[in-house]
Structures are given as structure tokens and as C-alpha cells.
Amino acid sequence: NAGVTQTPKFQVLKTGQSMTLQCAQDMNHEYMSWYRQDPGMGLRLIHYSVGAGITDQGEVPNGYNVSRSTTEDFPLRLLSAAPSQTSVYFCASSPVPGTTEAFFGQGTRLTVV
Amino acid sequence: GQQVMQIPQYQHVQEGEDFTTYCNSSTTLSNIQWYKQRPGGHPVFLIQLVKSGEVKKQKRLTFQFGEAKKNSSLHITATQTTDVGTYFCAGRGVSSGSARQLTFGSGTQLTVLP
Numbered sequence: 001n002a003g004v005t006q007t008p009k010f011q012v013l014k015t016g017q018s019m020t021l022q023c024a025q026d027m028n029h030e031y032m033s034w035y036r037q038d039p040g041m042g043l044r045l046i047h048y049s050v051g052a053g054i055t056d057q058g059e060v061p062n063g064y065n066v067s068r069s070t071t072e073d074f075p076l077r078l079l080s081a082a083p084s085q086t087s088v089y090f091c092a093s094s095p096v097p098g099t100t101e102a103f104f105g106q107g108t109r110l111t112v113v
Numbered sequence: 001g002q003q004v005m006q007i008p009q010y011q012h013v014q015e016g017e018d019f020t021t022y023c024n025s026s027t028t029l030s031n032i033q034w035y036k037q038r039p040g041g042h043p044v045f046l047i048q049l050v051k052s053g054e055v056k057k058q059k060r061l062t063f064q065f066g067e068a069k070k071n072s073s074l075h076i077t078a079t080q081t082t083d084v085g086t087y088f089c090a091g092r093g094v095s096s097g098s099a100r101q102l103t104f105g106s107g108t109q110l111t112v113l114p
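The listed protein sequences correspond, in order, to chains A and B.
In case it helps, the working numbering puts the first sequence at residues 1 to 113.
In case it helps, the working numbering puts the second sequence at residues 1 to 114.
Derived from the structure by calculation, the hints contain no laboratory data.
Wrong hints could be hidden among the right ones.
[As the list claims (entries may be wrong)] Derived DMTMM-like pairs (lysine to aspartate or glutamate); straight-line CA-CA distance at most 25 Å:
1) B:Lys70 with A:Glu59
2) B:Lys70 with A:Glu101
3) B:Lys36 with A:Glu59
4) B:Lys36 with A:Glu30
5) B:Lys36 with A:Glu101
6) B:Lys57 with A:Glu101
7) B:Lys51 with A:Glu101
8) B:Lys56 with A:Glu101
9) B:Lys59 with A:Glu101
10) B:Lys36 with A:Asp26
11) B:Lys70 with B:Glu15
12) B:Lys36 with A:Asp38
Next up, chain A with everything else stripped away, as it sits in the complex:
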């Protein structure tokens, strides 16, 4: 049982480049979300989805896009990378939003130079 799989694990981008962080889950969870983790700031919600075709913004959505075409996949797109987006990114999923635990992927460490 793979759970939540994120790729890549590490990535270095140049300022202005774009890229997509991949997230896939095999647990048939309806709810998926993306967080970024910065030192001393905990995990901050970027975007989330309550089901295929439905996405919404979290606390820090600027500079990021998401889509949810299938239940399994929830990619995060950086449109034009900036040094401020250097962070560790976590994808999470849960069966039902609001009442159940979140399962996290292993994370993607992104550096923008």
C-alpha cells in the first residue's frame, strides 16, 4: 500500500522557471491538500480539493495553481518560481474533510536560486 506518493523528492529551480510537483494517492480519498513547511512557521495550507473537479485556496495560494481531474492525483504547479518559494512541500489526503486524519506524503524539498 503506497499511500501518498510525491515526486520529485528534491528539486532545484532557477528564478522564473515553472514546474509541477506531483502527488498521487491510492486510498480513494476525496480530500487532498498541499502544504508548505518553513522553519518556525509550521505547515501552511496552499490549496485543497474536496473531490475531483473541485479546488479551493488555502492560506498562501499566490504563485501556485492546482487542478484535480481524478480522485488519485493532485498536482501543484509553480508558475514562475521565486526564491520565496524555497520550502518543503507536503501533499496530504484524507477520506473525509473535517473529521479524519490526514495522511502525508514524504515531501518535496524545493530550492529556488
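With chain A's structure known, arrange chain B on it following the hints.
Coordinates of chain B only, in the frame set by chain A:
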């Protein structure tokens, strides 16, 4: 928006000492969850509290949810080196919008000295 504050940010203890981390929300929560993140790892779910005044125990860990459902605490008795990591609280609001969002505290990084 909903904010969840957590203190302390860092805590160093000698092995065998107790440890407590506290969590406070700016708004009433429908439930609160606790996660542990080992160094270099990802957050792993520990427990969820739902009821006002609820207390739950997992071996040496005791979790409490305040009467007003705006604060929570995690207490570890007689810490061990395996307890090392960052502990996060995460709460969901009561409104339809905030209930869909899990808001994390900033975490408490626990170091246990042997």
C-alpha cells in the same frame, strides 16, 4: 482567518523528564488533531480530539481539549530518546469554509538529551 498558536517553539529536556506543548486557537474548533514529525520526515497522525474537555491517553502521552474548544495540550511523561521530533497541533473550524481546512500550529521541536 483562523490562527493556531503553539508554544514553546523549542524544548530541550533530559531523558526521563516530562514535556508539555500548548496550542491556542483564535476561534472555536470543531476538532483538534496532533501530529509528530521526526527529523527529516513527514507529519504522522497521533490522535484527534472532538469533545469539549476531552482527555485521551496513549501510553506516556496525554492529550487534552479545552472546555471552550479553543485550546489543547500534549503532555509526555518520562520522555525517551524516541520522543525526539516536532509536535504539531492542527485544528478545524466550525464554519463550512474553515471546517475544510486543517490549520497547523507552528510546532514544538522536542530534543531529548540522554
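#### Entry: Structure versus earlier hints - violations, ascending order
Per hint list: single violation, 11.
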